[in-house]
Amino acid sequence: AQSVTQLGSHVSVSEGALVLLRCNYSSSVPPYLFWYVQYPNQGLQLLLKYTSAATLVKGINGFEAEFKKSETSFHLTKPSAHMSDAAEYFCAVSEKGGSYIPTFGRGTSLIVHP
Amino acid sequence: DSGVTQTPKHLITATGQRVTLRCSPRSGDLSVYWYQQSLDQGLQFLIHYYNGEERAKGNILERFSAQQFPDLHSELNLSSLELGDSALYFCASSVGQGFMETQYFGPGTRLLVL
Numbered sequence: 001a002q003s004v005t006q007l008g009s010h011v012s013v014s015e016g017a018l019v020l021l022r023c024n025y026s027s028s029v030p031p032y033l034f035w036y037v038q039y040p041n042q043g044l045q046l047l048l049k050y051t052s053a054a055t056l057v058k059g060i061n062g063f064e065a066e067f068k069k070s071e072t073s074f075h076l077t078k079p080s081a082h083m084s085d086a087a088e089y090f091c092a093v094s095e096k097g098g099s100y101i102p103t104f105g106r107g108t109s110l111i112v113h114p
Numbered sequence: 001d002s003g004v005t006q007t008p009k010h011l012i013t014a015t016g017q018r019v020t021l022r023c024s025p026r027s028g029d030l031s032v033y034w035y036q037q038s039l040d041q042g043l044q045f046l047i048h049y050y051n052g053e054e055r056a057k058g059n060i061l062e063r064f065s066a067q068q069f070p071d072l073h074s075e076l077n078l079s080s081l082e083l084g085d086s087a088l089y090f091c092a093s094s095v096g097q098g099f100m101e102t103q104y105f106g107p108g109t110r111l112l113v114l
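Note that the protein sequences, when read in sequence, are chains V and U.
Following our numbering from start to finish, the first sequence increments by one per residue and tops out at 114.
Following our numbering from start to finish, the second sequence increments by one per residue and tops out at 114.
Since the hints were derived computationally from the structure, they do not count as laboratory data.
Here the structure is a predicted model, which means the values were calculated and not measured.
Some hints here could point you the wrong way.
Counterexamples of contact, computed for chain U against chain V with all Cβ distances above 10 Å [to be verified]:
| no. | residue |
| --- | --- |
| 1 | Gly16 |
| 2 | Arg22 |
| 3 | Phe45 |
| 4 | His48 |
| 5 | Gly52 |
| 6 | Glu53 |
| 7 | Leu61 |
| 8 | Glu75 |
| 9 | Leu81 |
| 10 | Thr102 |
| 11 | Gln103 |
| 12 | Pro107 |
Some chain V residues close to chain U (C-beta under 7 Å, calculated; not the full set) [to be verified]:
| no. | residue |
| --- | --- |
| 13 | Ser26 |
| 14 | Ser28 |
| 15 | Tyr32 |
| 16 | Gly43 |
| 17 | Leu44 |
| 18 | Leu46 |
| 19 | Thr55 |
| 20 | Tyr100 |
| 21 | Ile101 |
| 22 | Pro102 |
| 23 | Phe104 |
| 24 | Arg106 |
All C-beta atoms in this analysis are idealised placements derived from N, C-alpha and C, irrespective of residue type, glycine included.
Take the sequences, apply the hints, and build the full model.
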């Protein structure tokens with residue numbers, strides 16, 4: 001069985017500060033891992049995904065995430081926050097070799113202060 | 001704009017009623033996925049169609065059904081509606097049939113059951 005835990009339903013940062021959104025997963029087989037962003041009144045947009053190539057994955061809008069198998073983590077980072085990064089972020093896991101049906105975390109709301 | 005369209009944007013109906021949500025995938029995409037986003041359950045996968053055939057089922061209630069038509073648009077039918085069915089319903093599309101593929105999400109249909 002697979003599951004995802006996003007630590008912190010809200011994360012608040014100042015503009016220009018480091019963004020760190022945490023995601024831990026549980027999976028009985030090697031996973032695919034995803035980060036999505038949802039802006040108000042919009043659908044989800046894929047930021048990046050891990051599919052067993054490089055463990056450090058670069059995505060859009062300056063975000064990146066590192067797959068750490070030993071820690072079962074896939075934290076999302078961005079060196080410098082912009083006001084436009086304020087949104088809801090979702091981590092998701094999908095098990096390889098299984099049904100591939102994704103399980104989503106509950107989401108983390110990123111608040112960026114000027 | 002993801003290229004995925006969903007109609008209607010908003011829907012208000014009463015308990016016991018039946019509604020149909022429509023999704024048009026991006027041009028060239030053969031897969032359509034349906035998701036439900038609610039405050040209680042978070043974001044959940046409902047069902048996946050590829051080129052007209054059902055490929056995977058998630059947490060979809062028996063009162064719900066879907067289909068994908070020859071022109072690749074999809075409809076999600078919700079019947080005997082209950083208050084708890086109030087949610088945002090998203091569809092997404094991708095070129096192929098794997099969950100590891102990039103999915104493009106529509107803006108969603110917001111359903112309110114009174």
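message = When the structure is checked against the list of hints, which entries are broken? Sort them ascending.
response = 3, 4, 10, 11, 12, 13, 14 and 19
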